[in-house]
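Student: Take a look at the letters that make up each chain.
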Amino acid sequence: MKNPDAIVIGAGIVGASSALSLTNAGLKVLVIDRGAVSSGTTGAGEGNILVSDKDPGPELTLALHSRNLWFEMQEDVGDSFELEAKGGVVVARRDDGPLMKLATEQSHHGVTIEKCNETRLHELEPYLHPDISSGVFYPQDAQCQPMLAAAHVIRTVVQRGGEFISQAKVTRIIVEDCAVVGIETTRGTFRVPIIVNATGTWAGELAELAGSYLPIAPRKGFILVTEPTKKYIFHKVYDSDYVANVASSDADLQTSTVVEGTRSGTILIGASRERVGFDGAMSYEILRTLAAQATSLFPVLRDVQLLRAYRGFRPYAPDHLPVIGQDAKVKGLWHSAGHEGAGIGLAPGSAALITDAILGRDSFMDGAAFSPARFATVNS
Amino acid sequence: MIIVIGAGPAGLAAAEAASRNGSEVALIDSSSRLGGQYWRHRSKVTGYRSNRADEIFAKVSAAQSITHISEANIWSAEREGNLIRVNYLQGGIESSLTAEKVIIATGAYDRTLPFPGWDTPGSMTPGAAQSLLKGQGVLVGKRIIVAGTGPFLLPVATGLAEAGAEIVALIDANSPLRWSLSPLALLTNITKFSELVYYVRLMRKFRIRPHFGRAVTTFANGVATISAVNSGFHIKSGKSQAMRADVVAVGWGFVPDLSLGGILGCAQRVDSDGTVIFEVDENQLSSQPQIWIAGEATGIGGADLSLIEGEIAGLAASGQKIRHALLTERVRKQRFANALKRSYPVRDGWREWITSNTTICRCEEVKSQEIKDSVSELGAEDSRTSKLFTRAGMGLCQGRMCSRNVSEIVSGITQCAVTDGERIAASNRPIAAPISLGQLSDGKNSR
Ligand SMILES: Cc1cc2nc3c(=O)[nH]c(=O)nc-3n(C[C@H](O)[C@H](O)[C@H](O)COP(=O)(O)OP(=O)(O)OC[C@H]3O[C@@H](n4cnc5c(N)ncnc54)[C@H](O)[C@@H]3O)c2cc1C
Ligand SMILES: Cc1cc2nc3c(=O)[nH]c(=O)nc-3n(C[C@H](O)[C@H](O)[C@H](O)COP(=O)(O)OP(=O)(O)OC[C@H]3O[C@@H](n4cnc5c(N)ncnc54)[C@H](O)[C@@H]3O)c2cc1C
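Read top to bottom, the protein sequences are chains A and B.
To convert, note that position 129 of the first sequence is 128 in numbering that gives the first Met the number 0; the numbers rise steadily by one, no gaps.
To convert, note that position 326 of the second sequence is 325 in numbering that gives the first Met the number 0; the numbers rise steadily by one, no gaps.
For reference, chain A alone in the conformation it holds in the complex (with noise of 0.2 Å):
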């Protein structure tokens, strides 16, 4: 492509959306990626896409409007990537309180949710410890295979008069008079007026690329995978310790298990949360761990056999917001990163933003509280 509207760098779910909702605006769209597309974080994560995990607040509402922009996605670009409006079903095994007290507030801003009782619960998920007897569900949660999304998405961004280019690392954003003039890879140099910093847990090498700064670091995360098995789990189910691990600013190990059926049969067990770099390490307590939380909500999965263990880099910010909108020192830089364990959920409504913004259009939220503006202040 010789003169794009806009490059977006990164070809994992939140650089794929955003050239998908940027060439469905009339631009003209490169897309780049150092390895193949899916290669980093979404290509090591799950597909949940959820609204249960999140207290009221900005979050949420780009959360709520991300999860319907995945259907329309799917719409767009083609029933290919396994979405399904499949819902969450979260429990309490002591005190209820809290969860309860948090599903009441989800319901005041757009959340539906379903108190249970004993009864329903298990007539919801059968398999569940007889012991556990209170929960919440939520229909609006849904799950998808992001590594075909991304490639989906990327696909239809090409035929719509796109260009991916893949094995292409940035080495250099050049900035004139404080504003984006091209980059430079290793498959050759673009001049372009427009960038989205789409490379999630590196997007903070980027920024420093274009002499900016954003505090985007990894947060390893380590999956389970059984055999296929019989039907055992039908919704996604979690225990209510994970939302106050999500939300965590702790850089100790936390665990709190998701547990959840695929549609190849195999069960999937995450995920661990701990801030430890790139070491990429196995650790093998962390898996019993996993191992015992699940077994714990459903004791049917004790005979089925583990296969796989694999383990990714959330990237987060010290406030585990995103970060979406134009960077605060170079014009014509826009980040869209950062989504730390729900950035397959985020992306459609990060991407809506994004585009909204470099177009200087109305947007269905203010995105005030995701700007990148808000860390210039500490390191400047």
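The hints are simulated quantities; they were obtained by calculation from the structure and are not laboratory data.
Some hints could be false.
Distance condition first, Cα-Cα at most 20 Å in a straight line; then the derived EDC-like pairs of lysine to aspartate or glutamate [what the hints assert, rightly or not]:
| hint | chain 1 | residue 1 | chain 2 | residue 2 |
| --- | --- | --- | --- | --- |
| 1 | A | Lys229 | B | Glu364 |
| 2 | A | Lys27 | A | Asp302 |
| 3 | A | Lys229 | A | Glu284 |
| 4 | B | Lys443 | A | Glu204 |
| 5 | A | Lys27 | A | Glu162 |
| 6 | B | Lys443 | A | Glu284 |
| 7 | A | Lys168 | A | Glu204 |
If you want the footprint, here are the derived chain A segments under chain B, 3+ residues with CB under 8 Å [to be verified]:
| hint | segment |
| --- | --- |
| 8 | 36-44 |
| 9 | 230-236 |
| 10 | 256-263 |
| 11 | 297-304 |
| 12 | 345-355 |
Glycine is no exception: its CB is placed at the ideal position from the N, C-alpha and C atoms.
Given chain A, work out where chain B with the ligands should sit, using these hints.
Tutor: Relative to chain A, chain B with the ligands alone:
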């Protein structure tokens, strides 16, 4: 204490050598019997120079300081301070053992190539046919074609014939003339001729006809297509013939099992034939302190080489002196192993044998067309991304069988050579053997 993982030729030799100075050895293997791939016989070991097996079995059994832990599947290993902990499942229960030193001798499994019909009943690997016979006394069929490439097809064919099967044909895709590329290896390993003579006699006796430059390229309903192939494994047109058989046993050499060493961080490299193997120094020490590796996991070379490597590893781990002659002997055997690689290469012409409908990943039933589409339609560029899009390699065997083939198919389309990084990544798995979630969580409570 020294833990030896694997009781094949390499592990047996390692355990025996280490026990010579009284070192405590725990010899762990997933099978019920000693012997590994090749010597796992129900009754007496038979075949060429089977006395080697008898000798070492006798020594290992007699050694007071060796404990044999059988039917123990090691699923993981981890460092604990100065010790290495090995976690295994035995009779449905997880146990573990710690030691200062570990010798890994986990061997290799058969390499397969897909062709139309390779996933139908009656098609199997030579290793499977042989282990059913040796291990369970089961003869897989009456009329059998043994095919693929490599000298290990000879003991399989003659073994099956001795047990009463009719070997319809013994088919090697390579030409024996390739041995002329390695005159030095032949001259320095003159004793190998007597092994050849041994097998040629047996083949005469059972009227087994060898065919070279041919391959089984389809198999359906008891009929195999035997195609003439050139040195690149491309099918020569108009030179195919049909043969009837109950079973086709097809194997293309071996793939080492790297899981455990990989988990412990032992460095790996890609061998001249594309196989990923461990790096070891002249004492068989891996890149990790306290961990030695011997046998097929350091390069495919056959039982003779495995025995010597095992002995060196056992001596080194137990702090005994290693005679210079032993090291020279290994060099000689390695020369022969390299000649084997030169003589029996696997070329990528096989990619033309498959049709769009041929299954590539049997666990997840992924067809060749799906792999191709994942590249041309979705942008997969290696076996990992192709796996994410198609599920090839995500099933029970975790890509042990298909990931290398997927890499080669993908590379055929992208026209980019498979990188060493991709080969190494695809050879490593964090769970060396399946474990149930119940066993895994019980292990937490017991610690
Ligand atoms: C274990 C685990 C479980 C998870 N589960 C869920 C879940 O259930 N639901 C959910 O919503 N989220 C989940 N997540 C989080 C989610 O996976 C991420 O938030 C999301 O994938 C981030 O997408 P991305 O497109 O921003 O980043 P990525 O997918 O990482 O994409 C960034 C891309 O940028 C490229 N890149 C980087 N640097 C350069 C450069 N210099 N030049 C060119 N290209 C570059 C990379 O190659 C990469 O492809 C999970 C994460 C983990 C680790
Ligand atoms: C069909 C066939 C024919 C052959 N013919 C010949 C021949 O004629 N001449 C020749 O020289 N060589 C031959 N070979 C090759 C020979 O088998 C190998 O060279 C030899 O077995 C390698 O020895 P090893 O000790 O490295 O591994 P192996 O013999 O494979 O032993 C490895 C052992 O480790 C165990 N193990 C692996 N992983 C684990 C785990 N996680 N937990 C517990 N235990 C584990 C396995 O169960 C196995 O018992 C043949 C091989 C085959 C399959």
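Student: Is the listed coverage of the segment 230-236 of chain A by chain B valid when you require three or more residues with a beta carbon under 8 Å from a beta carbon of that chain?
Tutor: violated (count 0)
Student: Are the Cα atoms of Lys27/A and Asp302/A separated by 20 Å or less?
Tutor: Distance ~53 Å between Lys27/A and Asp302/A Cα, so the pair is violated.
Student: Given that the segment 36-44 of chain A was listed as covered by chain B, double-check it with a C-beta distance under 8 Å for 3 or more residues.
Tutor: holds (count 4)
Student: Compare the distance between the alpha carbons of Lys443/B and Glu284/A with 20 Å, and conclude whether the hinted pair is satisfied.
Tutor: Since the Cα atoms of Lys443/B and Glu284/A sit roughly 7 Å apart, the hinted pair holds (cutoff 20 Å).
Student: Check whether the Cα positions of Lys229/A and Glu364/B lie no farther apart than 20 Å.
Tutor: holds, 18 Å
Student: Is Lys168/A within 20 Å of Glu204/A, Cα to Cα?
Tutor: holds, 12 Å
Student: Count the residues of the segment 345-355 of chain A whose CB lies closer than 8 Å to any CB of chain B, then report whether that count reaches three.
Tutor: violated (count 0)
Student: Holds or violated: Lys229/A with Glu284/A, Cα cutoff 20 Å?
Tutor: violated, 27 Å
Student: Please verify whether Lys27/A and Glu162/A have alpha carbons no more than 20 Å apart.
Tutor: holds, 8 Å
Student: Residue count check for the segment 256-263 of chain A against chain B: does it reach three with CB-CB under 8 Å?
Tutor: violated (count 1)
Student: Apply the coverage criterion to the segment 297-304 of chain A and chain B: a residue qualifies when its Cβ sits closer than 8 Å to a Cβ of the chain, and three qualifying residues are needed.
Tutor: Three-residue rule met by the segment 297-304 of chain A, so holds; n is 5.
Student: Please work out if Lys443/B and Glu204/A have their alpha carbons no farther apart than 20 Å.
Tutor: violated, 39 Å
Of the numbered hints stated above, those contradicted by the structure are hints 2, 3, 4, 9, 10 and 12, listed in ascending order.
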